[in-house]
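Trainee: For the protein sequence lines, the chains are A and B, in the order given. Each residue of the first sequence is one higher than the one before, counting from 1 in this note's numbering. Each residue of the second sequence is one higher than the one before, counting from 1 in this note's numbering.
Hints were generated in silico from the structure; no laboratory data involved. Take these hints with a grain of salt, some might be off.
Each computed SDA-like pair below joins lysine to any residue, with the alpha-carbon atoms no more than 20 Å apart [what the hints assert, rightly or not]:
hint, chain 1, residue 1, chain 2, residue 2
1, A, Lys58, B, Ile39
2, A, Lys123, B, Tyr95
3, A, Lys122, B, Tyr136
4, A, Lys3, B, Lys142
Non-contacting residues of chain A with respect to chain B, defined by C-beta distances greater than 10 Å in every case (computed) [stated by the list, open to error]:
hint, residue
5, His108
6, Phe109
7, Gly110
Quantities reported herein were computed from a predicted structural model and do not represent experimental measurements. Backbone N, C-alpha and C fix where the C-beta goes; we use that ideal spot for every residue, glycine too.
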Amino acid sequence: MYKLSASFIGILIALMVTFNGILAKKTGDYVSILMIHIIGLIAISLILIIKNKRINLKKDIPIYFFSGGAIGVIMIFFNNISFNNLGVSLTLSLGLFGQSITAVIIDHFGLLGMSKHTFNKKKTTGFILIFIGIFIMIIGG
Amino acid sequence: MIYIILAFITGGLVILSMILNSGLAKRIGVFQGTFINFIVGLSFISLALLTTNNSMDFSFNNLSTVPFWAYLGGAIGVLVVATTNTIIPKIPTIYSTLLIFIGQLLAASIIDYFTGHLVSKWKIIGGLFIVSGLLYNSYIDKSQKDQNQLLDLP
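So here's chain B without its partners, still in its complex pose (with noise of 0.2 Å):
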């Protein structure tokens, strides 16, 4: 259940995250803004590393095991800074969501069937009751919009 709380609480971090940054690239540009975040970041973890007494191994050893793509996360997350910003005042705002999520959703499922994670057909249909609740969202905010259009509202 912590578990079910804590990716909850993640997405709320997303939002706060998202309004943060696009108000930083907003005044500095957007990769000066994540050469910031980043920056930011890794002081506030050496200092968390620092001040925790958690026992760390740095030796060639334990860091050699791990395969090497798996140290690529920090690099894709600049990538889909860089994609995002390129891609998304490109398309209409109703699709982003709902196709970031397709594309998430359809990745994840084949992810967890190589990682171990079960893939029942529970997650896929669970999968597209939340694709259809988007496209439900999506086509009342598009009719509200409309709306606003021929009131002439802003």
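Just chain A, with the same shape it has in the complex (with noise of 0.2 Å):
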């Protein structure tokens, strides 16, 4: 059942980058991402209300880590422009591979303080397998 679920989300982020790519399209890209974050806030801020929750901003919190929604108006701005020229499957699996070698690197080298994990160098087959999958899906078009 879980498992079920968790396509759902794909289903859902699919979605989501259609809706926005089509936003875009119609209103600019400065005014979709503005009305995305608008209705966005409504929505968290309803979920807040239900579940009677409080926002406890303690002192000893990094900086960089509110900048989380800055880079997510890049990506939604660099998700918008690829929607409508590559199409959504496209845009979802270069974002896959991108995803894929960002986490690799970052693991690898132990970076933003997450722990390190050194590259397995097996799964440069599954990298192959992915980038083959990508080469198709352009070249094919």
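Since each chain comes alone in its own frame, lean on the hints to assemble the complex.
Mentor: This is how it looks when you write it as structure tokens:
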């Protein structure tokens, strides 16, 4: 059941990228991102109110932890541009590839305070398969 | 080509924001962290709108031509955060990436078909290659984990 829900998350992400991309095409890149944030803020505020959660900003939180939202804006911006030029499946596949490579680099060197996990060379095979898959998607268009 | 690079970089940014967001979530809670993210994002995009000479059309006539569901992306984003935090801890990581991607690919192919982007057999074949690559690597991860457990390594 939970496994089915994990695929459901994937469907939600595909829908989100599509809706955001269409909104960007109709209202422009900047206005669409503004709209997306206003509606997202309303949604999360409702959840906080329903769950009766309070926000307690302790003083010892490093400032860079607050930059996630700004990176989110850039992510939506890039996704919207890619969606309108590549379609949703290629945008998501390339994103997945970028995610895997970044995760491997961060794990291997133990960057950003993460624990170090040396890259297992056997996994090169998997990455080559993923790369071939993306190559076929781009060339076969 | 530039769009291919942009989509690839976005994947890297996803990981970066995941690390930052989970760091914030650990300290103040998942939903509180998401709230802060939207506040910071909103301030950031407002600043970008004010500082660039971007022509904006907030007129009702312009905004009402957009079908209402196209505005739901932000709310779906919040739903993704909420579902992810409920489900992911309950299934092995081996499956989560794989299943999320299969869900994405399936939905994406259907959406591409309906939004006029081409769905060729090559996109499906390419997708199967990606799934097999993910499957292979999760198998390697799993066998390494099992080995570590035998040797009593962390």
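Trainee: Tell me, in ascending order, the numbers of any earlier hints that this structure violates.
Mentor: Hints that this structure does not satisfy do not exist here, as all of them hold.
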